[in-house]
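K.L.:
As given, the protein sequences belong to chains A and B, one line each in that order.
Mapping of the first sequence onto this note's numbering: position 161 corresponds to residue 169, and the numbering continues sequentially without gaps.
Mapping of the second sequence onto this note's numbering: position 115 corresponds to residue 123, and the numbering continues sequentially without gaps.
Hints should not be assumed to be uniformly reliable.
Which copy? The list can't say, so a pair holds if one copy fits it or any two copies do.
[Claimed, not checked] With a straight-line Cα cutoff of 30 angstroms, these simulated DSSO-like cross-link-like pairs (lysine-lysine) come out:
1. Lys139 to Lys240
2. Lys118 to Lys216
3. Lys240 to Lys118
4. Lys216 to Lys139
5. Lys118 to Lys139
6. Lys216 to Lys240
Keep in mind that the hints were calculated from the coordinates and are not lab data.
Protein chains: 2
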Amino acid sequence: MTYPDPPRLIDSAPAIELAFSAAERSAVYRAIFERRDMRHFAGGMVAPEAMRRLLTAAHHAPSVGFMQPWRFLRVASASLRTGLHALVEQERAATARALGEREEAFMRLKVEGLREAAELWVVALADGREKHIFGRRTLPQMDLASAACAIQNLWLAARAEGVGVGWVSLFDPVAVAALLQMPAGAEPIALLCIGPVQAFYEEPMLQKESWAQRSPLDDLLFEDSWGQPLGKP
Amino acid sequence: MTYPDPPRLIDSAPAIELAFSAAERSAVYRAIFERRDMRHFAGGMVAPEAMRRLLTAAHHAPSVGFMQPWRFLRVASASLRTGLHALVEQERAATARALGEREEAFMRLKVEGLREAAELWVVALADGREKHIFGRRTLPQMDLASAACAIQNLWLAARAEGVGVGWVSLFDPVAVAALLQMPAGAEPIALLCIGPVQAFYEEPMLQKESWAQRSPLDDLLFEDSWGQPLGKP
Chain A
9 MTYPDPPRLI
19 DSAPAIELAF
29 SAAERSAVYR
39 AIFERRDMRH
49 FAGGMVAPEA
59 MRRLLTAAHH
69 APSVGFMQPW
79 RFLRVASASL
89 RTGLHALVEQ
99 ERAATARALG
109 EREEAFMRLK
119 VEGLREAAEL
129 WVVALADGRE
139 KHIFGRRTLP
149 QMDLASAACA
159 IQNLWLAARA
169 EGVGVGWVSL
179 FDPVAVAALL
189 QMPAGAEPIA
199 LLCIGPVQAF
209 YEEPMLQKES
219 WAQRSPLDDL
229 LFEDSWGQPL
239 GKP
Chain B
9 MTYPDPPRLI
19 DSAPAIELAF
29 SAAERSAVYR
39 AIFERRDMRH
49 FAGGMVAPEA
59 MRRLLTAAHH
69 APSVGFMQPW
79 RFLRVASASL
89 RTGLHALVEQ
99 ERAATARALG
109 EREEAFMRLK
119 VEGLREAAEL
129 WVVALADGRE
139 KHIFGRRTLP
149 QMDLASAACA
159 IQNLWLAARA
169 EGVGVGWVSL
179 FDPVAVAALL
189 QMPAGAEPIA
199 LLCIGPVQAF
209 YEEPMLQKES
219 WAQRSPLDDL
229 LFEDSWGQPL
239 GKP
């Protein structure tokens, strides 16, 4: 196979036809760098048209074998929201106990915004996933990976729209599935708090609160075998 | 708790301080809608500076408890690339057999670009993840979800840069881990083909090839209980 005129891709001259403009590229990176896992919300509401754009962005995520395993359930009922909040509080306490020496530090963190967020959505993997084998014979968990990409799309679109999103995974999936009458085989993976915020955190909230720091990028990069540093070009 | 002057968020007037400009919002949605899982590559190379930007984007993904479980291994050795390609071919044949009546349709699809892509990277979950309990006591698989968000960040940044990305999950993770000398507990989740392409597909390749179609968004949205359609605002 020959490659007639492969697109040039050097730093100062990205492939003209295929790359976005410099301004567009900056906007994409801005969304990536300024997206935050929000825990503080300002009430209010999300316009239905904006919410629809966020869901459409989610639905344009990649999925293994194009299986589109994601389902999005809006929590409209106040009593249901209260029920979910109670399940999260229960798991928050259980997690704190399991953390041992970090229990107190954990309990000082705000880890959810279920009551304050304008919108609460539950993201779940659909039932009937066992029939999708493409890309999943040896890695069945790729459906979760696809659904996570959908959530990331929604998250980035929300940042661009000025809407905060927090992904809460402090819950017992069996209890949440029961509360929402999910069929056997469906699995909740996220409680998404979505809504207006007063401000986005300048840095990740858990970094600001000294729970953890971002690792240097080079510590995460290897070449050819695990632990071998990336060669310099 | 009171909410003094919550940011307004109606469709025609997004929260002025927090939303991106209209042009920036469009760029973010463009990346989301024009990103494709690429299987055809044009050789060439990716400038190291561009590759570094893609990895930096990945590293700014959300992660459960800020655990940053992702590791990125660049395949520089030609023999290692050949070895990975052989493992993928092996799994491609095994998947085809497992698909039964869809075996022939599957074998007609191009499902990888390992040999043609300028860059081949293996994404893996790090070893030692069991010590991270925050957000994972009942949902340990949230580390995979985080790493998938990192890959989606890289993918969107690559689209903006005009660089193609394909996520191959047709492999036996145990064999790939052994080939790359991963420690116990580390798990490969993706072979990423990254590089210049002649063009991005107009629509998802698997849709173009009639393997599957995108579901109507409304089929995936529920309200308050599974299967109950979303109420109209």
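K.L.:
Each hint should be assessed against the structure and marked as holding or not.
P.N.:
So, going through the hints one by one against the coordinates:
no.	hint	in the structure
1	Lys139 to Lys240	neither (44 angstroms within a copy, 32 angstroms between copies)
2	Lys118 to Lys216	within (12 angstroms within a copy, 46 angstroms between copies)
3	Lys240 to Lys118	neither (41 angstroms within a copy, 33 angstroms between copies)
4	Lys216 to Lys139	between (44 angstroms within a copy, 21 angstroms between copies)
5	Lys118 to Lys139	between (40 angstroms within a copy, 21 angstroms between copies)
6	Lys216 to Lys240	neither (32 angstroms within a copy, 39 angstroms between copies)
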